[in-house]
Amino acid sequence: MWSIAVTVTLGIVLGIFIKWTDNLKKINSKFQILGLTILLFFMGVSIGSNPEIINDLSLIGLKAVTFSLSTVLFSVLTIFTITHILRRKSS
Amino acid sequence: MTIIVLFSVSLGIIFGMFFSENTIVYNLDFLSQTTLAILLFSVGLDIGSNKSTLSNIKDKIYSIMIVTLGVVFGSLFGGVITALIFDMKLNEGLSISAGFGWYSLSGVILTNMGNAELGSIAFLSNIFRELITFLIVPLVAVKLNYLSAIGPAGATAMDTTLPIISTNTDSNTTVVAFVSGVLLTALVPILVPLLYTII
Chain A
0 MWSIAVTVTL GIVLGIFIKW TDNLKKINSK FQILGLTILL FFMGVSIGSN
50 PEIINDLSLI GLKAVTFSLS TVLFSVLTIF TITHILRRKS S
Chain B
0 MTIIVLFSVS LGIIFGMFFS ENTIVYNLDF LSQTTLAILL FSVGLDIGSN
50 KSTLSNIKDK IYSIMIVTLG VVFGSLFGGV ITALIFDMKL NEGLSISAGF
100 GWYSLSGVIL TNMGNAELGS IAFLSNIFRE LITFLIVPLV AVKLNYLSAI
150 GPAGATAMDT TLPIISTNTD SNTTVVAFVS GVLLTALVPI LVPLLYTII
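Going down the list, the sequences are from chains A and B.
Counting with numbering that gives the first Met the number 0, you get residues 0 to 90 for the letters of the first sequence.
Counting with numbering that gives the first Met the number 0, you get residues 0 to 198 for the letters of the second sequence.
Read the hints as simulated data drawn from the structure, not as lab findings.
Note that the coordinates shown come from a computational prediction; the quantities given were computed from them, not determined experimentally.
Each hint should be verified, as a subset may be incorrect.
What the hints assert, rightly or not - So the derived list for chain A, only partly shown, Cβ under 7 angstroms to chain B, looks like this:
no.: 1; residue: T6
no.: 2; residue: I11
no.: 3; residue: G14
no.: 4; residue: W19
no.: 5; residue: S69
no.: 6; residue: V71
no.: 7; residue: S74
no.: 8; residue: T77
Backbone N, C-alpha and C fix where the C-beta goes; we use that ideal spot for every residue, glycine too.
Work out the full structure, taking the sequences as your base and the hints as a guide.
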């Protein structure tokens with residue numbers, strides 16, 4: 000995980016020195032969508048080729064899904080509530 | 000965006016189920032790591048192209064704190080709720096939710112400290128968290144606000160889900176997401192064992 004994060008830093012440093020045009024920025028953002036699509040495909044393959052995940056989506060799966068939904072829901076709600084209160088205070 | 004996400008993952012799942020013996024599956028780790036590395040390089044270029052983004056990192060301290068603490072508090076609260084629903088022990092619920100989406104590590108830690116079932120739940124729930132993040136970030140970014148859109152990502156905001164955040168928000172939010180992801184990633188190996196043993 001850490002070694003992968005290094006590439007972001009590398010990109011940032013190079014991004015500072017590149018002479019950017021609107022066209023170049025557009026190409027870069029299109030490239031991100033393409034990369035994302037490929038990455039999601041690989042993620043799907045890793046799930047589909049793992050029989051334990053596919054066959055065992057019973058109680059363990061139900062618990063796991065509930066955990067992911069509840070953690071996502073309350074993370075979003077907490078951040079939204081804080082930003083909402085702060086915005087109202089400042090205005 | 001949501002359609003692309005669903006289509007790619009579904010296509011991948013079907014491919015993986017029916018063609019489990021081929022070079023893509025054998026080299027899956029290498030392929031996805033390499034794609035991710037190239038993708039993150041591109042995200043980095045994006046951040047670097049906006050010099051004002053970087054110079055204002057001091058102004059973003061508050062945003063970074065809000066997102067990081069919001070994810071910690073929100074996830075743990077969600078963990079407690081889920082533990083109550085399934086009549087699980089409180090320490091199990093808390094430690095599973097403290098994975099913040101980093102499935103490999105939280106799964107391994109809880110398999111070793113607890114048991115295989117606990118490890119599997121941690122592993123799966125954090126994989127699902129990552130999947131849900133890909134689906135929900137575009138929606139939250141539009142319906143609520145950009146900072147809230149980082150919430151689902153948790154620790155993965157520093158790598159796997161950073162591209163979906165950067166394509167759906169702005170470069171300021173991307174920097175906040177990245178830094179919060181780094182902080183949350185650092186917290187996972189501390190919080191997961193701690194919450195499992197002391198509560």
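To see whether the hints hold, each was checked on the structure:
| no. | hint | verdict |
| --- | --- | --- |
| 1 | T6 | holds (5 angstroms) |
| 2 | I11 | holds (4 angstroms) |
| 3 | G14 | holds (2 angstroms) |
| 4 | W19 | holds (5 angstroms) |
| 5 | S69 | holds (3 angstroms) |
| 6 | V71 | holds (4 angstroms) |
| 7 | S74 | holds (4 angstroms) |
| 8 | T77 | holds (4 angstroms) |
Of the numbered hints listed earlier, not one is contradicted by the structure.
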